[in-house]
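Chemist: In case you want the letters, here they are:
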Amino acid sequence: MSKIAIILSILLLAGFLRFWNLDNYPIQLNHDEVSQIYDAYSILQTGKDIYGNHLPLAFLSTGDYKVGHYIYLSLPFVYLFGIEESTIRIPSAFFGTMTIFATFLFVYQLVKLSGQKKSAWKIGIICALIVTILPSEIFYSRKSFENVLGCFFVILGFYFLLRFVEKAAKEWLILGVLCSSSAMYLYTSHTLTVPMMVLLFLVIFRKHVISNWRIYLSAVIFWIIISLPLLWLMTQNQDIRFRARTVFITRDVMLGRQLENSPTWTKTFFDYLINRYLKQFDIVYLFGNGLNLTNQGYMGVGPLLLIQFPLLLFGVFYLVRNKFERRIKLLLFGLILISFIPSAITFEVVSPHRSELGFIFLSIISGFGLYSFLQIIYQVKKLIQLRYIFLSIVFGLILVNFIYFWHIYTVNYSYEKSQYLHYPFAEISRYIFMEFDNFDQIIIDPLYGQAAPVRAVAIHYYLGYYGKYSPLDFQKEYRRDNNGESLNKISIRKVNWYADSNLKNTLVIASPWSLPKREEYQSKIIKTFYFYDHQVAYYVLKI
Amino acid sequence: MYKSSLLLLSVILVLSLVIRLFDLSNPFLTVDEARLAYRGYTLSNFSQDELDRSLPWIFNSSNDYQLPLSSYVSAAGIKIFGKSDLGVRIPFILLGVLSILLIYKIALLIRPVKKFGLFAAIVVGFSPALFFVSRIPNDVILLVFLLLLYIYLFGRKANFFVLLLITFLSMLVSKDAWFIVLPFILVTTRLFSKKLSFTLIVSSLLVILLVGLFLSIPQSVRSLLENQLTIVDNLTIENGINRLRGQSIESGWSSLLSRFLFSKLHLIWVGLLHWLSYFSLSTYFGEFDMNGKLGFASLGGFSKYLIIPFLAGIFYLIKTGNFKERWFIVYLLALTFPAFFSYPNFRLELVILTLPIMAIVIALGLISLPMIISTLLIALSILDLVVNLAFPNLEIRNTNLSRPSWIKPIVRDINPQGKTIISDNIIADLLIYYQWSNLDSPTGITNNLNLDYPYKFHQFQVGNISELTNGQELEECSLYDPKDVFLHSDNFENILEDKNVSIDKSYYDNLGNSVAVKFRRSLCLKSQ
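Chains as they are written, first to last, in the numbering used here: chain A, 4 to 546; chain G, 58 to 585.
Derived by calculation from the structure, the hints in this document are not laboratory data. Honestly, I wouldn't trust all of these hints.
Claimed, not checked - Among the chain A residues that face chain G by a calculated CB cut under 10 Å, a handful are:
1) MET257
2) ASN264
3) PHE284
4) VAL414
5) SER417
What the hints assert, rightly or not - Simulated DEER-style distance windows between Cβ atoms:
6) G:LEU446 to A:LYS384: 54 to 60 Å
7) G:ASN450 to A:ILE396: 51 to 57 Å
8) A:ILE396 to G:LYS60: 53 to 59 Å
9) G:ILE560 to A:LYS520: 38 to 44 Å
10) G:GLU307 to A:VAL403: 18 to 24 Å
11) G:SER311 to A:PHE398: 18 to 24 Å
12) G:GLY309 to A:THR531: 21 to 27 Å
13) A:LEU220 to G:GLY569: 56 to 62 Å
14) G:ASP80 to A:LEU220: 56 to 62 Å
15) G:LYS376 to A:GLN378: 55 to 61 Å
16) G:ASN450 to A:PHE225: 49 to 55 Å
17) A:PHE393 to G:VAL71: 51 to 57 Å
18) A:ARG521 to G:ILE325: 40 to 46 Å
These numbers were taken from a predicted model, which means no experiment stands behind them. Quick reminder that beta carbons are idealized off the backbone N, C-alpha and C, glycines included.
Please construct the entire structure, taking both the sequences and the accompanying hints into account.
Modeler: Structure below.
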């Protein structure tokens with residue numbers, strides 16, 4: 004099999020794992036996705052978001068001021084493929100697939116620079132294969148998430164930078180600068196980490212920098228120039244600043260409690276920050292249940308497969324002991340350490356989507372581990388006769404671990420987390436517009452939940468998208484005030500059964516959390532909507 | 058060189074002792090530590106435990122049976138220094154300091170470089186978690202000391218019977234030792250390149266004997282299932298397996314494959330992950346114990362600055378470490394081995410056992426770094442601990458419930474001669490604090506309980522002091538019988554029928570919240 008055929012096979016596998024049944028897994032668009040696709044549709048139709056803001060840089064969306072890059076990037080896809088559910092996931096799945104190729108190039112160049120030209124290709128392929136089946140990479144590639152795009156550009160950017168170190172042709176450096184700065188624009192976490200990573204690169208390759216200082220200086224100036232608009236946005240755009248403030252670690256309640264009356268404020272803050280950073284490397288989180296796909300404690304899936312843990316240890320051992328160039332080791336380990344910073348400085352204990360780049364780099368190390376393991380099997384004479392047994396065991400374990408992840412992702416995730424996927428709302432929205440003309444008023448209750456009531460924040464987006472509502476009409480008819488939200492005759496507000504039961508010709512869609520004893524409304528139920536695990540989500544009551 | 062290293066070691070030991078003796082009222086004792094302290098007092102003075110039993114070998118605690126050694130060790134301290142903070146803490150402080158000396162000696166057995174030994178000693182001496190547990194009466198520092206002593210004496214080819222005695226004593230410290238001791242001996246034997254010896258066989262027999270003896274007492278199986286073997290009895294795993302498998306079958310996956318993916322084998326998966334969870338960087342270098350029971354709530358097992366030499370130590374081990382240095386790491390697995398069975402409980406006691414091993418790795422890192430950086434990191438790590446000691450407020454606030462130092466004025470106000478009613482929702486086991494803190498408290502004599510093997514036994518009455526438990530109410534006594542009544546501030550109005558009580562005193566916790574009120578009335582427990 005030729006080298007190109009092998010790479011293509013891996014990319015085909017990666018594409019299959021990321022594009023197969025893209026509109027069904029996850030089972031429906033979540034609140035972020037539905038808001039992105041409907042805003043993209045609205046921009047395409049009217050040049051404004053659904054709230055009527057003209058080409059915003061940060062979208063109000065569900066109140067979280069989403070940075071608009073992904074939405075704008077998905078416009079051509081929406082234009083080409085229409086507003087199918089999978090359309091919004093296509094950019095992510097595409098760049099997720101391409102990340103595999105970028106990983107191959109990056110690792111190949113890394114090993115080649117280390118003076119191990121012979122093994123560069125093999126290690127590159129193994130690492131690409133490991134990232135192909137990486138749970139977090141598949142998970143985020145199959146939902147519309149800009150982190151996947153950012154990761155692609157960071158990895159590709161570093162490949163170009165390493166190419167420049169190998170052959171000081173300035174086009175590689177320009178490509179490196181363009182890719183790394185694109186990553187900064189695409190994903191806020193990378194806005195923070197890419198400058199650190201580039202600085203690390205410059206320090207590690209300082210001899211090369213000094214000997215080519217003119218080219219590097221112009222590249223840095225070029226990089227600053229193209230990053231200036233971003234800097235301006237980050238500091239001047241109030242919506243983006245609001246978004247940054249709301250996710251920063253200072254919003255952490257636990258930290259707030261510790262800082263309250265602390266006599267050593269700086270030390271307390273620093274201690275907390277360090278502890279938070281170290282939590283990113285928790286083994287159960289990384290290999291056990293960090294993707295939060297189930298509610299069954301340790302029985303879940305981490306961003307990395309459990310089998311990658313021993314491979315990671317092997318990889319570290321191999322990298323440290325072998326005659327790899329020190330600069331390459333430092334770069335790889337340094338990139339890992341920097342990748343986990345964004346997750347550590349936000350209000351959540353861990354946020355895997357902000358650490359995706361770190362998971363890819365860790366997987367690269369585990370790829371090195373698999374390579375070293377294979378080397379041992381093939382090089383130690385005593386093991387040669389047993390190599391097929393060893394190979395079967397290792398690849399068997401990898402396969403079983405992957406099937407376990409795939410099962411959890413395609414089956415159990417839908418059952419266990421249907422609330423987080425806003426599962427009933429697509430069906431409810433379609434139903435509302437089916438019954439739209441039969442009622443004077445339709446009320447939908449935003450409180451819902453499997454274990455406890457939570458407030459749904461994107462019902463209006465579901466109504467707009469699944470109701471095929473024209474964005475122009477939506478902008479005109481959508482209202483929001485202290486009593487709730489409304490769209491035409493649809494009200495999204497808390498249900499007060501004792502008052503609402505006196506209304507006339509009204510359709511009330513309420514969750515059991517907002518209703519009194521069942522006997523009091525039993526006769527009014529005309530339909531029930533369920534969560535994916537068959538728990539009641541909403542009753543439809545005809546009044 | 059020899060003299061200077063001896064001098065430096067002495068300085069480390071003296072400094073470690075001095076900071077361990079600093080402000081002995083902190084950390085305030087937890088309920089179980091107070092029980093251990095009071096038991097030390099009754100054992101040393103009356104040869105009875107707090108429940109009137111003569112020199113027993115199994116004791117009571119909040120969550121489990123307690124093995125005897127730490128109780129008798131605290132009794133020794135109290136016998137010499139009296140019923141005081143110093144008396145109860147000094148044996149454990151000394152064990153902590155001796156552990157520093159032992160790690161120095163062990164380090165030299167692994168790598169005969171004085172600087173390495175000194176670094177290891179200093180890292181152990183100023184490890185916040187080891188510092189913490191050597192200032193409170195507890196099992197774990199005793200076990201750390203005995204295990205280190207075993208390694209050192211084994212390395213020095215000590216007499217078989219001495220080693221056997223240490224093994225036996227270790228197994229009288231905590232049940233964890235029963236699980237650890239055999240893998241521990243295996244690792245030690247291999248470390249010093251000895252063949253599997255007679256020691257292992259006799260130690261195995263000892264384990265069997267002790268476990269057999271333990272199993273002969275009532276509630277022993279329950280004690281094991283509730284504390285050491287929680288994974289066996291854990292319903293959440295079984296429910297999880299059934300749930301995931303059910304979803305799989307409902308979705309059309311083959312029943313065979315569903316059974317293969319979600320079966321009882323998950324116990325191994327969960328146990329393994331739980332075991333691995335003990336090797337958490339954030340526990341070692343971030344936050345050791347957020348409840349403040351076995352470590353500072355805001356510091357790790359080691360200072361955060363030592364993560365640099367730790368990583369350097371790992372790289373050093375991989376790159377150039379010798380057999381002994383590398384094999385020493387295997388202790389980490391041997392000492393945390395019981396974690397496999399204890400899901401979902403995270404037993405910090407096991408992590409503490411690994412701290413001296415981690416200290417060796419850190420020391421390896423320190424000798425591989427430039428001296429100036431190593432010195433700077435050591436200085437910063439000591440400063441980290443000193444700042445925490447100098448500003449205990451944050452720690453006191455964080456441990457408001459687990460180490461309720463605010464209880465002192467309440468127990469001081471209890472009149473041993475009069476009658477008293479205390480609500481149990483002020484703090485659990487308040488009576489044991491009273492018995493330990495109050496010099497005039499009744500002796501070990503309680504109420505002729507006749508308990509042979511008290512398991513998680515809770516005392517409701519000591520002398521004239523009665524505890525008002527959840528759900529009980531008070532009423533006016535039929536005959537005038539005034540008592541001092543201590544009730545929780547939040548619910549004293551619910552307990553009393555007559556709301557017009559004049560409060561004599563209010564008590565506040567470390568967060569400034571009102572926790573209890575005291576008044577004097579002729580009140581009796583309402584008959585149900």
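Chemist: Tell me if MET257 of chain A is really an interface residue toward chain G, meaning its C-beta lies closer than 10 Å to one of theirs.
Modeler: Given a least distance of 9 Å, the restraint on MET257 of chain A holds.
Chemist: Given the range 55 to 61 Å, decide if the beta-carbon distance of LYS376 of chain G to GLN378 of chain A lies inside it.
Modeler: Given a distance of about 18 Å, which is not inside 55 to 61 Å, the answer is violated.
Chemist: Was the hint right that SER417 of chain A lines chain G, CB cutoff 10 Å?
Modeler: This interface hint holds because 8 Å falls under the 10 Å limit.
Chemist: Is the interface hint satisfied for PHE284 of chain A? The criterion is a beta-carbon contact with chain G at less than 10 Å.
Modeler: holds, 5 Å
Chemist: Looking only at beta-carbon atoms, does the pair LEU446 of chain G, LYS384 of chain A fall within the given range of 54 to 60 Å?
Modeler: holds, 59 Å
Chemist: Using the C-beta atoms of SER311 of chain G and PHE398 of chain A, is the stated range 18 to 24 Å upheld?
Modeler: Once the Cβ atoms are compared, 22 Å apart, the range 18 to 24 Å for PHE398 of chain A and SER311 of chain G holds.
Chemist: Verify the CB-CB distance for ARG521 of chain A and ILE325 of chain G against the hinted window 40 to 46 Å.
Modeler: holds, 44 Å
Chemist: Would you check whether VAL414 of chain A satisfies its interface hint, that is, whether its CB is within less than 10 Å of any CB in chain G?
Modeler: Because about 5 Å separates VAL414 of chain A from the closest Cβ in chain G, which is inside the 10 Å limit, the hint holds.
Chemist: Taking the CB of GLY309 of chain G and the CB of THR531 of chain A, does the distance hold inside 21 to 27 Å?
Modeler: Check passed, 24 Å falls within 21 to 27 Å.
Chemist: So the hint says 49 to 55 Å: do the beta-carbon atoms of ASN450 of chain G and PHE225 of chain A match that?
Modeler: holds, 52 Å
Chemist: At the C-beta level, are GLU307 of chain G and VAL403 of chain A separated by a distance inside 18 to 24 Å?
Modeler: The hinted range 18 to 24 Å holds for GLU307 of chain G and VAL403 of chain A, with Cβ atoms some 22 Å apart.
Chemist: In this structure, is the beta-carbon distance linking LEU220 of chain A and GLY569 of chain G contained in 56 to 62 Å?
Modeler: holds, 59 Å
Checked against the numbered hints above, the structure breaks only hint 15 and satisfies the rest.
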